[in-house]
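Based on these hints, arrange chain C on the given structure of chain D.
Protein chains: 2
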Amino acid sequence: MSIRETLKYVVENVEGALAAMIMAYDGIPIDEIMVSQSEYDLQSLSVEYATVLKEIKRAVELVKAGAMEEVSIATTRTRVAFRVLNEDLFAVLIMTRDGNFGKGRYLLRLKAYDMLRDLA
Amino acid sequence: MSIRETLKYVVENVEGALAAMIMAYDGIPIDEIMVSQSEYDLQSLSVEYATVLKEIKRAVELVKAGAMEEVSIATTRTRVAFRVLNEDLFAVLIMTRDGNFGKGRYLLRLKAYDMLRDLA
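These protein sequences, in sequence, are chains D and C.
With the numbering used here, the residue at position 55 of the first sequence is 55, and numbering never jumps.
In the numbering used here, each residue carries its 1-based index in the second sequence increased by 120.
Here are the computed lysine-lysine pairs in the BS3-like style, where the Cα-Cα straight-line distance is at most 27 angstroms:
#, chain 1, residue 1, chain 2, residue 2
1, C, K177, D, K103
2, D, K64, D, K54
3, C, K223, D, K103
4, C, K223, C, K174
5, C, K184, D, K57
6, D, K57, C, K174
7, D, K103, D, K54
8, C, K223, C, K128
Worth flagging that the hints you see were computed from the coordinates, not collected in a lab.
Excised from the complex, chain D in its bound form:
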């Protein structure tokens, strides 16, 4: 599977998924799959969250809590899961509030290795 196919697989197999993407910490998307009927500005959402993720990474390193692996943010409208791939990149899955958050995080973790291999 290509990166795009893997992202597509995740989006199609998680109930409530709106988008899946690979991003760099500077907010630049490497690849992405979006569900067209989304009411959210997913692009700005992911860019804003990339900035936040960089802050979390900094805090985690500062308090010597090891290396960041996964971050999830649940709001009254969305569920977002981030899975760290390497020093530069991470995968993001954006879901609706009632999306299958557990399965989404599971599939991101499961597919992290595939995504990394396909990025090499």
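Below, chain C without anything else, positioned relative to chain D:
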């Protein structure tokens, strides 16, 4: 149950829990329960994470993703769950990497109402 008793209940009923606390966004702890044998500097960890949480709150509001409800951060050494209580306060549960993350997040959510009531 007092706030402290509720925090104690959470820590004692989640495998791998290291500390539970109620904090303000400025990093000031309102109340806390720590497991004494922890190897981490939980105080600085929670203060750093409070700063990050404030950043996430800002980002969530900026992208109109509703109101922040829960944030979780998994690293190679720790699992930390944050549950928003109101505009000013949130509950934090810090666990070891192999702690019961699902149960920890569940108990935080379950006890959020009790904690809010006891803070009033």
